[in-house]
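Listed here are the chains, written in short residue letters.
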Amino acid sequence: MAHEMNGRKFLLQGNEAMAEGAIAAGCRFFAGYPITPASEISERMSYRLPQVDGTFIQMEDEIASLGAVIGASLAGVKSMTATSGPGFSLMQENLGYACMTEVPCVVVNVMRGGPSTGLPTSPSQGDVLQARWGTHGDHPVIVLAVSSVSECFSITVTAFNLSEKYRVPVVMLSDEVVAHSRETYTIPSADSIEVVDRIIPNVPPEWYKPYEDNSRGVPPMAAMGDGYRHHITGLVHDAYGFPTEKQDEIETFLKRQFRKITNGFFEIQITKKINIEDAEIAVIAYGSVARSARRAVAMARAHGIKAGLVQLVTLFPFPKNSVVNVMRQCRAVLVPEMNMGQISREVKRVNTGLTEVSKYNRIDGQLITPLEIFEELQKL
Amino acid sequence: MDVDRFEIRLCGSGGQGIILASIVLAEAAGIIEGYNVSQTQSYGPEARGGRCKAEVVISSKQIDYPKAVQLDMILAMNQTSCDAYCYDFKPNGLLLVDSDLVEQPPTSRVVPLPFTKIARDVADTNLVANIVALGALGHFCPLLSRQSLETALFARVPPKTKKINSKALQAGIKAAEKFNLDTLPRSIIPEEEEI
Numbered sequence: 001m002a003h004e005m006n007g008r009k010f011l012l013q014g015n016e017a018m019a020e021g022a023i024a025a026g027c028r029f030f031a032g033y034p035i036t037p038a039s040e041i042s043e044r045m046s047y048r049l050p051q052v053d054g055t056f057i058q059m060e061d062e063i064a065s066l067g068a069v070i071g072a073s074l075a076g077v078k079s080m081t082a083t084s085g086p087g088f089s090l091m092q093e094n095l096g097y098a099c100m101t102e103v104p105c106v107v108v109n110v111m112r113g114g115p116s117t118g119l120p121t122s123p124s125q126g127d128v129l130q131a132r133w134g135t136h137g138d139h140p141v142i143v144l145a146v147s148s149v150s151e152c153f154s155i156t157v158t159a160f161n162l163s164e165k166y167r168v169p170v171v172m173l174s175d176e177v178v179a180h181s182r183e184t185y186t187i188p189s190a191d192s193i194e195v196v197d198r199i200i201p202n203v204p205p206e207w208y209k210p211y212e213d214n215s216r217g218v219p220p221m222a223a224m225g226d227g228y229r230h231h232i233t234g235l236v237h238d239a240y241g242f243p244t245e246k247q248d249e250i251e252t253f254l255k256r257q258f259r260k261i262t263n264g265f266f267e268i269q270i271t272k273k274i275n276i277e278d279a280e281i282a283v284i285a286y287g288s289v290a291r292s293a294r295r296a297v298a299m300a301r302a303h304g305i306k307a308g309l310v311q312l313v314t315l316f317p318f319p320k321n322s323v324v325n326v327m328r329q330c331r332a333v334l335v336p337e338m339n340m341g342q343i344s345r346e347v348k349r350v351n352t353g354l355t356e357v358s359k360y361n362r363i364d365g366q367l368i369t370p371l372e373i374f375e376e377l378q379k380l
Numbered sequence: 381m382d383v384d385r386f387e388i389r390l391c392g393s394g395g396q397g398i399i400l401a402s403i404v405l406a407e408a409a410g411i412i413e414g415y416n417v418s419q420t421q422s423y424g425p426e427a428r429g430g431r432c433k434a435e436v437v438i439s440s441k442q443i444d445y446p447k448a449v450q451l452d453m454i455l456a457m458n459q460t461s462c463d464a465y466c467y468d469f470k471p472n473g474l475l476l477v478d479s480d481l482v483e484q485p486p487t488s489r490v491v492p493l494p495f496t497k498i499a500r501d502v503a504d505t506n507l508v509a510n511i512v513a514l515g516a517l518g519h520f521c522p523l524l525s526r527q528s529l530e531t532a533l534f535a536r537v538p539p540k541t542k543k544i545n546s547k548a549l550q551a552g553i554k555a556a557e558k559f560n561l562d563t564l565p566r567s568i569i570p571e572e573e574e575i
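Protein sequences, first through last, are from chains A and B. At position 380 of the first sequence the residue is numbered 380 (our numbering), and the sequence of numbers has no breaks. Going from the second sequence to our numbering is simple: count from 1 and add 380.
Here chain B stands alone, though its shape is the one from the complex:
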């Protein structure tokens, strides 16, 4: 698929696995699907907590500016980061949020799914909430197949955790499949202003 810049931002709190999820995403697109990829991140000096942001730019051309310019997708794993990092959004961009941790999404084109709760249900731990969210992101991203995401994930995580990560990814994809995108407005710009 020929694409100029497809941009995804993942944000949350330090320790939620935001950067790992973005690396798996970047490897699925860059190594397995063969696109040019740039993955950048920004975080504070804290080991846990604090705001954390990672960005993935996917392109079939050479990438000049490595960070995001206009985003196609944003994933927000808590309210603070959602408030801080939901900008530079394309009018038809898609926001994915953890519905239990983000109570007030700033846009109408939002897919609220309880990633952390799903992680606890299928794997008995919050730790894989990032992978659940990754599954959902992958489902809505037109450039990635389920297969490439899974291959990239298994190549990156420790072998011992393969089983719970696989469960988490599948659960994320399944939750996303149940969501009907047609229920969302096509653009965040009100229809009458578009004319």
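Here chain A stands alone, though its shape is the one from the complex:
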């Protein structure tokens, strides 16, 4: 079945494309609990995973789901879970555990209107800062956002690759529009997809220190059951994985968590630029709103306004370099979002007086339309 799908054109839902992307990236374990608008990811995984010798479990709730995912990943299997707002809130505790224990995994949050049960069938971008800061403690994290069915496939592959390479949980933010939209998409051939696997130890078991620093800041990871001693704890730990309260070990450990991500900024911070070369004003958008922005920019160009678009694929670590370059060039930037201004805070933070930052917000459960963005651009 997997081979039959590659190279063929399908009418795929965003959620279905995410499941296919995960399988293409090597994901062989999924644990989840159904929730609108993310359920189709679980649904597709439940029949696709057995076809590729993978495992699917429906858990009793979202806390257990991420727990199972962390366990499977420790056993050497690439793992994923998917949920929406209320479930994502429940996952925060284990998300921190995955950060602390440096377990690669992918957590999909298909954003719906909130807070609480909110608007289950309506889109929102209200969980952006929760994805960054939701779990407690000072921690680096990678957050990616998708805007189309094609990105649901390709960025899911990227999410797994980054997760494996840096040994961090990667949060993927989708939204109801992207998740439920169906678009024609040709699944790429297997050999055209770059897949990264975690580095495993090349020393004998008795030499292995599971959390020993190296130049990348990412220790090789042994799978449980492979004969390597491996102690896992949510407490701050030393190179052997055992709890420590020694100041030098605490600082070394926590600083390495930040250093490994900072070292990878160039690769991790993904943006897409459209019509930016000669732009005088720019839209900074992500998720489904980036699709509206794409059309709004085309409309503005047709009216003689030199507008451009920066689509943020990586939301965190915030792609400062890309955004600052555009802010140096443009006299104004507009940040449209389906929240009251979460990424616009980041944009303002890195602005430092370079340009004028305007925001456009909509929180009525509807996607921002191209016309709305175009009208805002006319005012800049």
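No lab work stands behind these hints, which were simulated from the structure alone. Incorrect hints may appear among the rest.
Unchecked claim - Just so you have them, the derived chain A footprint on chain B, three or more residues with Cβ under 8 Å:
id: 1; region: 405 to 412
id: 2; region: 419 to 433
id: 3; region: 439 to 446
Said to hold, decoys possible - DSS-like mimics (lysine-lysine), calculated; alpha carbons at most 25 Å apart, straight line:
id: 4; chain 1: B; residue 1: 470; chain 2: B; residue 2: 547
id: 5; chain 1: A; residue 1: 272; chain 2: B; residue 2: 441
id: 6; chain 1: B; residue 1: 542; chain 2: A; residue 2: 9
id: 7; chain 1: B; residue 1: 441; chain 2: A; residue 2: 273
id: 8; chain 1: B; residue 1: 441; chain 2: B; residue 2: 497
id: 9; chain 1: B; residue 1: 441; chain 2: A; residue 2: 306
id: 10; chain 1: A; residue 1: 9; chain 2: B; residue 2: 441
id: 11; chain 1: B; residue 1: 540; chain 2: B; residue 2: 554
Glycine included, each C-beta is placed from N, C-alpha and C at the ideal position.
Got chain A sorted already, so can you dock chain B onto it with the hints?
Below, chain B without anything else, positioned relative to chain A:
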């Protein structure tokens, strides 16, 4: 056929099969006819009832905004959804309504056909009213052939229901063929204002 954006909206009550019909439409255009297609939907948290809307955008170019901007065709399967979702219509757009369930269509360019009644007549069930309407939509949509619609339909529905779905589709096409579009005004904008 080279087309920038051809947009169709289907709306009705939850449970009438609006989304399924839009998926078949999208697969006929996207997989069989080879266009780029985007199919989106919006519905409430209810399993049955409530307003339901699905949109299909067909283009030979890459589709930027996935939802409808200016509609070429709208299908309304009840009055509530017709009142709620008949907007962003092109002046020469075409509205298809279930004539028994929509008593007051908001425009003059309307094709009223009794989809649900036809479904009961040919298949003895209301369930395939969406497919009857799909047949009529396909007939009036210049981008779709009868063949591609049928292929897409059979690929999507359970094999057991192939026969009644086929009957429903044919009945929808037949009903649409009897309707003469020349009897409608060419545009919903009054002629004198067009000059």
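Status of the hints after comparison with the structure:
no. : hint          : verdict
1   : 405 to 412    : holds (count 4)
2   : 419 to 433    : holds (count 7)
3   : 439 to 446    : holds (count 4)
4   : B:470 / B:547 : 32 Å, violated
5   : A:272 / B:441 : 19 Å, holds
6   : B:542 / A:9   : 24 Å, holds
7   : B:441 / A:273 : 19 Å, holds
8   : B:441 / B:497 : 38 Å, violated
9   : B:441 / A:306 : 22 Å, holds
10  : A:9 / B:441   : 16 Å, holds
11  : B:540 / B:554 : 23 Å, holds
Of the hints listed earlier, those the structure fails to meet are numbers 4 and 8, in rising order.
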